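Under the UniProt record's numbering, think of the first position of the sequence shown as 1, with each following residue one higher.
To be clear, the hints were calculated from the coordinates, so they are not data collected in a lab.
Warning: the hint list may mix true and false statements.
[Claimed, not checked] Quick list of the computed label-pair ranges, beta carbon to beta carbon:
#: 1; residue 1: R202; residue 2: P274; range: 22 to 28 Å
#: 2; residue 1: N256; residue 2: G231; range: 16 to 22 Å
#: 3; residue 1: T84; residue 2: K144; range: 29 to 35 Å
#: 4; residue 1: K144; residue 2: N207; range: 17 to 23 Å
#: 5; residue 1: E168; residue 2: D141; range: 18 to 24 Å
#: 6; residue 1: R202; residue 2: G83; range: 20 to 26 Å
#: 7; residue 1: D176; residue 2: K79; range: 21 to 27 Å
#: 8; residue 1: E218; residue 2: N86; range: 47 to 53 Å
#: 9; residue 1: F82; residue 2: V187; range: 35 to 41 Å
#: 10; residue 1: D242; residue 2: R276; range: 37 to 43 Å
Treat the numbers as computed from the prediction; the structure is a model and nothing was measured.
Just so you know, even glycine gets a beta-carbon here, dropped at the ideal spot from N, CA and C.
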Amino acid sequence: MRTVKSLTILRSETVKEENYKAIATVTPNSKTSNLGDSELTVAGKITQGGESTVLAEYVAPNSGYCFFYKCVAEGTDKKGRFGTYNRKRRDRCDKKRRNLSADVAEKSKNGTEGTKSKVETNVDIPTKASSSSASKLDSIDKTKFDVSTVFNGAFYILSKNDDDFNIERDAMKCKDNGGYLLEIDTVDEFVHAIRFQYNSLRPQFKNVYTGLNDRMTEGTFVQYHSKRPMGPEHVWSSGQPDNAGDGEDCVIMAENGLWDISCSLKGRFMCEIPLR
Numbered sequence: 001m002r003t004v005k006s007l008t009i010l011r012s013e014t015v016k017e018e019n020y021k022a023i024a025t026v027t028p029n030s031k032t033s034n035l036g037d038s039e040l041t042v043a044g045k046i047t048q049g050g051e052s053t054v055l056a057e058y059v060a061p062n063s064g065y066c067f068f069y070k071c072v073a074e075g076t077d078k079k080g081r082f083g084t085y086n087r088k089r090r091d092r093c094d095k096k097r098r099n100l101s102a103d104v105a106e107k108s109k110n111g112t113e114g115t116k117s118k119v120e121t122n123v124d125i126p127t128k129a130s131s132s133s134a135s136k137l138d139s140i141d142k143t144k145f146d147v148s149t150v151f152n153g154a155f156y157i158l159s160k161n162d163d164d165f166n167i168e169r170d171a172m173k174c175k176d177n178g179g180y181l182l183e184i185d186t187v188d189e190f191v192h193a194i195r196f197q198y199n200s201l202r203p204q205f206k207n208v209y210t211g212l213n214d215r216m217t218e219g220t221f222v223q224y225h226s227k228r229p230m231g232p233e234h235v236w237s238s239g240q241p242d243n244a245g246d247g248e249d250c251v252i253m254a255e256n257g258l259w260d261i262s263c264s265l266k267g268r269f270m271c272e273i274p275l276r
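Using the sequences provided together with the hints, build the complete structure.
Next comes the structure, spelled out in structure tokens:
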């Protein structure tokens with residue numbers, strides 16, 4: 001989908017998958033429309049050729065029913081054909097507080113093949129009720145960072161300038177945006193991050209710094225922000241880490257996996273920003 005016309009969240013009116021009712025919608029000509037559900041808080045936007053987002057937070061009924069949800073995006077593809085793309089999720093029943101987020105990212109690079117459109121929906125238990133989720137997305141300076149879609153309750157930003165990397169300074173830039181240098185916890189997260197990296201930088205793929213490093217003890221890699229040790233699912237490139245030439249104490253994401261590399265080369269960096 002090249003141009004998004006509208007984003008809508010719908011909920012089934014019963015515990016069965018039937019009789020869906022729109023509870024939130026976003027269009028280019030209006031901000032967010034709230035169609036019912038007095039305890040629903042919504043925020044969203046549609047941008048042309050960039051990222052479109054709709055977020056909704058609500059209080060589930062005291063009955064504990066488990067409803068079905070749909071997120072539907074309507075728009076046109078690169079050939080001008082109208083179509084829809086939707087994802088479906090079922091609510092979790094063990095808590096009264098729920099969070100539903102849906103986002104569509106569209107990357108149109110001069111009309112080239114491979115234009116990506118994606119809708120993701122997540123039903124999570126938030127650690128706190130917050131209206132800051134949408135404001136976090138909106139507050140990112142798009143002249144300095146590319147912004148990813150939402151993945152497991154977080155989104156990612158990628159710096160646009162190839163500056164000399166400085167882990168302390170660039171970690172502070174992440175903090176200023178509400179996050180921290182990328183911490184890859186699973187293979188799925190690595191795949192999401194590397195796809196975002198590829199789509200942002202193509203046609204010329206460039207390596208990107210993460211928060212992983214072994215500055216304190218050679219060969220013992222930890223995350224800069226959390227200080228947690230590297231998990232077992234990290235995807236190293238063949239032959240890595242090798243500490244070639246000594247002083248390779250930082251880690252980048254390359255096309256074929258993670259590499260250890262000098263902490264002071266020119267490059268970009270990625271931040272991970274929790275929605276809550």
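Verification of the supplied hints:
1. Checked against the hint of 22 to 28 Å, the pair R202 and P274 passes, with Cβ atoms roughly 27 Å apart.
2. The beta-carbon spacing between N256 and G231, approximately 19 Å, falls within the hinted interval of 16 to 22 Å.
3. Between T84 and K144 the beta carbons are some 34 Å apart, a value that agrees with the proposed interval 29 to 35 Å.
4. The given range of 17 to 23 Å is respected by K144 and N207, whose C-beta atoms sit roughly 19 Å from each other.
5. Taking 18 to 24 Å as the suggested C-beta distance range, the pair E168 and D141 conforms, at roughly 20 Å.
6. Look at R202 against G83: about 24 Å separates their beta carbons, and that is inside 20 to 26 Å.
7. Between D176 and K79 the C-beta distance comes to about 41 Å, which lies outside the given range of 21 to 27 Å.
8. Checking the proposed 47 to 53 Å range against E218 and N86 shows it holds: the Cβ atoms sit about 50 Å from each other.
9. Between F82 and V187, the C-beta spacing of about 36 Å keeps the proposed range 35 to 41 Å intact.
10. Checked against the given bound of 37 to 43 Å, the beta carbons of D242 and R276, roughly 38 Å apart, stay inside it.
When each numbered hint is compared with the structure, a violation occurs for hint 7 only.
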